[in-house]
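J.: Chains as they are written, first to last, in our numbering: chain A, 1 to 264; chain B, 265 to 469.
One or more of the hints may lead you astray.
To be verified - With a straight-line Cα cutoff of 27 Å, these simulated DSS-like cross-link-like pairs (lysine-lysine) come out:
(1) B:K439 to A:K236
(2) B:K439 to A:K262
(3) A:K236 to A:K221
(4) A:K124 to A:K262
(5) A:K236 to A:K262
Keep in mind that the hints were calculated from the coordinates and are not lab data.
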Amino acid sequence: MTQALDTRWFDPARWNVLIGILFFAAFLAVNIIRARSGSNLYVRPIAGLEALDEAIGRATEMGRSVLYVPGLSDMTEVGTFAAITILYRLAQRVAEMGCDLDVPCYDPVVMTVLDGAVREAYSKAGRPDAFRPGSVHYVSAQQFAYVAAVNGYMLRERPAANIYMGSFYAESLLLAETGALTGAIQIAGTDKVTQLPFFVCACDYTLLGEELFAASAYLGKEPIQLATIIAQDWAKALAAAAVVLALALATAGHTGLTTWLKIG
Amino acid sequence: MRRGPLLVTFLTGIAVAALFFIPNYKAQAVNSKLLEWTLVVYAFALILGSVSLWNSHARKVKNRSPGWGFSLVTLVSLLVITTLGIWKGVEEKSPVGQIYNTVNSPLASTMFALLAFVIASAAFRAFRARSLEATLLLATAVVMMIGRVSIGEVISHHLPGITEWLLDVPNLAAKRAIAIGVGLGAVSTALKIILGIEQSYLGKS
């Protein structure tokens, strides 16, 4: 028996997602207008990001490198984009302070993008000559071969700061625990909820969930970028209100909103 | 100069986002084709990756950097596996397949098995009662560990129920709260990239 081909041009089960995205886009537009008009956009301090300067400064004083691990996902993961944007800001600080940076990569496409971003960051910092070719390099597309190589690097070279940003899986604790053994200052951030406890245990600072996505804007401090964080917070407030309302209605026996909020 | 890549990003981003809402088989065929293109890009990037791997390790061997012997093993392995793969193929019975099953897989399993030891050492560090939060973590962990094994039910028949409640109520609530934040953060990042607000992946702030 052959399955009938779907000829619909819109999936009605995804109205909720579309409305959510439209709300988000509206929040973004409002906050970009606020930013352009010079409004003061406050973003709460994030300890893990405040510590990045301290970590780079420590590496510079000790004459050791900064190790940046951009996660084990490819360019289809938003977490990888977050890792790229954070590295761009971080590389500028590293170039300004004049310490060495090492970025081992799991995915060759990500490596190519990161290499370009780091080169540009060094140029923007006014130190294109300080960029070391090969500082962004490919290791392996096998999870545990990658872990073995990065752990070996940590134990041999003893980087002063280990920064893990992006999407991580079972390797998160293997990396972070080895880094902790070397005494390096460790800052992590991931969008994988199941790996967060491991980073919290083994790292000095951990960016929880959405903080990873806010990091680039936070480090850049450009008003338009900060506007995106405020829009994110407004959307979170709306999501929380929708959850509370759905809960109250469900308790009263009306489950319509609960059903509608489920993503089809 | 960067308008071209930004335009490609915008159009592709909008198209892929729209395809999420369009179940039409023709649209989904386009989606599948786009995903196939990523494989082509990956294949070319893999060549760049291999060159990067070679250069990185060749430099270490040449400079006699710490651990250069490992780099030599990597270079020899890269050459041997590539040559054997081209010459004899990569099927399960081929030399590459056999090396993969008898060398690579056990090594990967060994690395994975180390996870048990690092969990123990990380738990030892995390479970020290230095503050109120750490003490709460320690107490919860003790209840969880005892409640999930057979002896837990012998100590108290309430313990398995308590562990289930801890997992299903406070733990799940916190996990979902973080997951909602992650979801919104992902949408925010995707919109920033599609709209060209975030351009650092192109090497521009």
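J.: Compare the structure with each hint and give your call.
T.: These are the hints, each one checked on the structure:
A threshold of 27 Å between alpha carbons decides the hint, and for K439 (chain B) with K236 (chain A) the separation of about 15 Å falls inside it, so the pair holds. Only pairs whose Cα atoms come within 27 Å are accepted, and K439 (chain B) paired with K262 (chain A) is accepted, the gap being roughly 17 Å. With a CA separation close to 21 Å, the supplied pair K236 (chain A) and K221 (chain A) stays within the 27 Å bound. The hinted pair formed by K124 (chain A) and K262 (chain A) fails the criterion: a straight-line CA distance of about 45 Å is larger than 27 Å.
Simply put, K236 (chain A) and K262 (chain A) have alpha-carbon atoms about 16 Å apart, close enough for the 27 Å limit, and the pair holds.
Violated hint: 4 only; the structure is consistent with all others.
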